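2 protein chains.
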Amino acid sequence: MKKYSAYLIDLDGTMYRGNERVEAAAEFVEALHRKGIPYLFLTNNSSKTQAQIAEKLSGMGIRSTQDSVFTSSMATAKYIKQLKKDARCFVIGEEGLIDAIQSEDLLITDDDADFVVVGIDRDINYEKLAAATLAVRNGASFISTNSDIAIPTERGLVPGNGALTAVITVSTGKEPIFIGKPEKIITNEALTALGFAKEQTLMVGDNYHTDILAGIRAGIDTLMVFTGVTPFEDFPKMEKKPTYHVQNLSEWMDYI
Amino acid sequence: MKKYSAYLIDLDGTMYRGNERVEAAAEFVEALHRKGIPYLFLTNNSSKTQAQIAEKLSGMGIRSTQDSVFTSSMATAKYIKQLKKDARCFVIGEEGLIDAIQSEDLLITDDDADFVVVGIDRDINYEKLAAATLAVRNGASFISTNSDIAIPTERGLVPGNGALTAVITVSTGKEPIFIGKPEKIITNEALTALGFAKEQTLMVGDNYHTDILAGIRAGIDTLMVFTGVTPFEDFPKMEKKPTYHVQNLSEWMDYI
Chain A
490 MKKYSAYLID
500 LDGTMYRGNE
510 RVEAAAEFVE
520 ALHRKGIPYL
530 FLTNNSSKTQ
540 AQIAEKLSGM
550 GIRSTQDSVF
560 TSSMATAKYI
570 KQLKKDARCF
580 VIGEEGLIDA
590 IQSEDLLITD
600 DDADFVVVGI
610 DRDINYEKLA
620 AATLAVRNGA
630 SFISTNSDIA
640 IPTERGLVPG
650 NGALTAVITV
660 STGKEPIFIG
670 KPEKIITNEA
680 LTALGFAKEQ
690 TLMVGDNYHT
700 DILAGIRAGI
710 DTLMVFTGVT
720 PFEDFPKMEK
730 KPTYHVQNLS
740 EWMDYI
Chain B
490 MKKYSAYLID
500 LDGTMYRGNE
510 RVEAAAEFVE
520 ALHRKGIPYL
530 FLTNNSSKTQ
540 AQIAEKLSGM
550 GIRSTQDSVF
560 TSSMATAKYI
570 KQLKKDARCF
580 VIGEEGLIDA
590 IQSEDLLITD
600 DDADFVVVGI
610 DRDINYEKLA
620 AATLAVRNGA
630 SFISTNSDIA
640 IPTERGLVPG
650 NGALTAVITV
660 STGKEPIFIG
670 KPEKIITNEA
680 LTALGFAKEQ
690 TLMVGDNYHT
700 DILAGIRAGI
710 DTLMVFTGVT
720 PFEDFPKMEK
730 KPTYHVQNLS
740 EWMDYI
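Heads up: the protein sequence lines correspond to chains A and B, in order.
Quick note on numbering: the first sequence equals residues 490 to 745 in the numbering used here.
Quick note on numbering: the second sequence equals residues 490 to 745 in the numbering used here.
Keep in mind the hints are simulated off the structure, nothing from the lab.
A hint or two may mislead.
One copy or two, either will do: identical chains are not told apart, so a pair holds if it fits within one copy or between any two.
Listed next, the in silico BS3-like pairs over lysine-lysine satisfying Cα-Cα at most 27 Å (straight line) [stated by the list, open to error]: (1) Lys663 x Lys726; (2) Lys537 x Lys617; (3) Lys537 x Lys574; (4) Lys673 x Lys574; (5) Lys617 x Lys663; (6) Lys524 x Lys574; (7) Lys570 x Lys491; (8) Lys570 x Lys729; (9) Lys729 x Lys573; (10) Lys573 x Lys730; (11) Lys570 x Lys726.
All figures in this text were calculated on a predicted structure; none of them were measured in a lab.
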């Protein structure tokens, strides 16, 4: 079995479900650490900062630092910076997106924006949507952190960022560039941050339509784990299979 | 030329543009009144009540009463009432929709809704969208007053109800039943309210994709007027033509 030099690891459904740690998650990460294998936690969550996510993981006993977290907001900010170093951004989003945009020294503005950047925003209102729509009609590039249509909560599935983004898409007729999984943009940004080539890296995740497809599209080997949203019953139906699959991460310990 | 016994008349672009009266609009309505020909103003506007719209028209010197106004909100409430007399409705919308639902003695509730009813809501927030999404996933029927993607304002085109509705559509994967033009639901409800058969009635409007298509789909003859959003240059491209077309309503006075 091929040994991988670096890992990209999904969070929700792979490391935790809500506030509950997934079986074997801590041991898996601990084994990577012990063997000196670099890893990044790769999440479509755009609302939280690196520090907030690292704190959640640490609180669950999963080894992590701020630098081991890579979010769709970070990938979005890095992607925009490559397009325009001093980009003017109109931002709909929460703390994680604001923080990521500011960390790349981009300007957050309501006025004359080059980019309309949309992440999940539980303080969404009509004025934000109107301003975003006007800016896109005015020629601003339209970027969205991720296309997730729903977020699991205790109440059930509530609208995700892909659903909020649709207001602007439908109103303007312009499709956004999505950054998060399953797009390869986030994967490529994460590989750059990690400093490894795709042939050396393994993508680990529970969600076929985000994690595994992101790996497949980016040309990275994938390890699918059935501890989250995609059930094992779906495996036979997958047109493109993950490179490997396990019921839980304890089955992978010998291959690290 | 056939004489029509009743008229359905669009408002925005046909009777007024913003706060400006369209040329010949007042004379046209006055002629209908003088000849004793019944008419209804038929609008996709879901935010205003009958009384508010009648007041706007009167303020512009266009003859109208509360009873001569028929909105997408009224059609929505009447449609729901036919499906379930004591329907429980979770409502996203403004005064016009609330008023219409209450006028049909339907129950507005946050709890255990039979119907999720969406109209334009400039006080939209995440909690409303989440509650609507949860209700639709829970089996509530999903109804939207109209599919307009944009509303013209002094600032430019801002999101219309069709764009807001998309949050719920994208998040749940369920398509709403749209009520307003170009759907025939609103036209049929208006004909019932007017008390005339479709063969006796003429639909007048400026917007090919809403007014004229609504007439065509409902099997009503149509009079297109080029005082609003659809330019005369588009006429040759229309696959199904309106029954009649005029540059402005003064050209139609002899046929009333």
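Quiz item: Which hints, by number, does the structure contradict?
Solution: 6, 7, 8, 9, 10, 11
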